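**Q** Following the hints, complete the assembly by docking chain D onto the known chain R.
Protein sequences appear in the order of chains R and D. So for the first sequence, the numbering used here puts the first residue at 343; every next one is plus one. So for the second sequence, the numbering used here puts the first residue at 46; every next one is plus one.
Hints should not be assumed to be uniformly reliable.
To be verified - Partial selection, computed: residues in chain D whose CB lies under 8 Å from chain R: (1) S131; (2) L135; (3) G150.
Keep in mind the hints are simulated off the structure, nothing from the lab. The model shown is predicted, which means the values in this text are computed figures rather than measured ones. Just so it is clear, CB atoms sit at the ideal spot from N, CA and C, and this is done for glycine as well.
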Amino acid sequence: GESVGLHLPTLSVQEGDNSIINCAYSNSASDYFIWYKQESGKGPQFIIDIRSNMDKRQGQRVTVLLNKTVKHLSLQIAATQPGDSAVYFCADVSGGYQKVTFGTGTKLQVIP
Amino acid sequence: KAGVTQTPRYLIKTRGQQVTLSCSPISGHRSVSWYQQTPGQGLQFLFEYFSETQRNKGNFPGRFSGRQFSNSRSEMNVSTLELGDSALYLCASSYGQGITEAFFGQGTRLTVV
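Pulled out of the complex, with its shape left as it was, chain R reads as follows (with noise of 0.2 Å):
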């Protein structure tokens, strides 16, 4: 079946620096992707989103580029904080926005 899968399962980085979470997926009939953060004991949480007519969307601190060649999707957070150590997990959407499939997740630890 189709699946949404994560590189990494635990991406460590200094504070201050630039982090970025990779997603492959397998869906070519993807409609868009949402990346959510993800804290302990906490529901998910809507970070961005990206339709797939486009590579690129920017939000505050966090960019999010889509390749449809190698069907790659990736979250970039400028300067890391403490405050943005948590899980984060990708989702695929197709099926007229019904059907949705998520990643694994990665765990962003943020080192002070």
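**A** Showing chain D alone in chain R's frame:
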């Protein structure tokens, strides 16, 4: 405004029992979707309700069911619990259908012993 509220936060049940979890969406939201989150499988979609009708369903056995009331509050029920049902169950609400602009609750941690 108040966020998505899930009750209870924690639950311990015995194998073979049944359980009912509750989700109160954000005021004005008409869609409630449910997800199961486990360390091994990650986050998986269970089902979605919109205006009291199930609109979408994931690949879970019939032991997992749900419903939505006229005030948009939703419940999910798991019958004949198995050890593998231990998970964090999350619900999310949105104004429209699907996961777009959905807000998640903190989840109910279910442990089956």
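**Q** Are the hints correct? Go through all of them and say.
**A** Here is what the structure says about each hint:
Interface hint at D:S131: violated, since its Cβ lies 17 Å from the closest Cβ of chain R, which is beyond the 8 Å cut-off. A hinted interface residue such as D:L135 counts as satisfied when its beta carbon comes closer than 8 Å to some beta carbon of chain R; here the least separation is about 5 Å, so the hint holds. For D:G150, the suggested interface contact is upheld, since its CB lies about 5 Å from the closest CB of chain R, less than 8 Å.
Consistency with the previously given hints fails for number 1 only.
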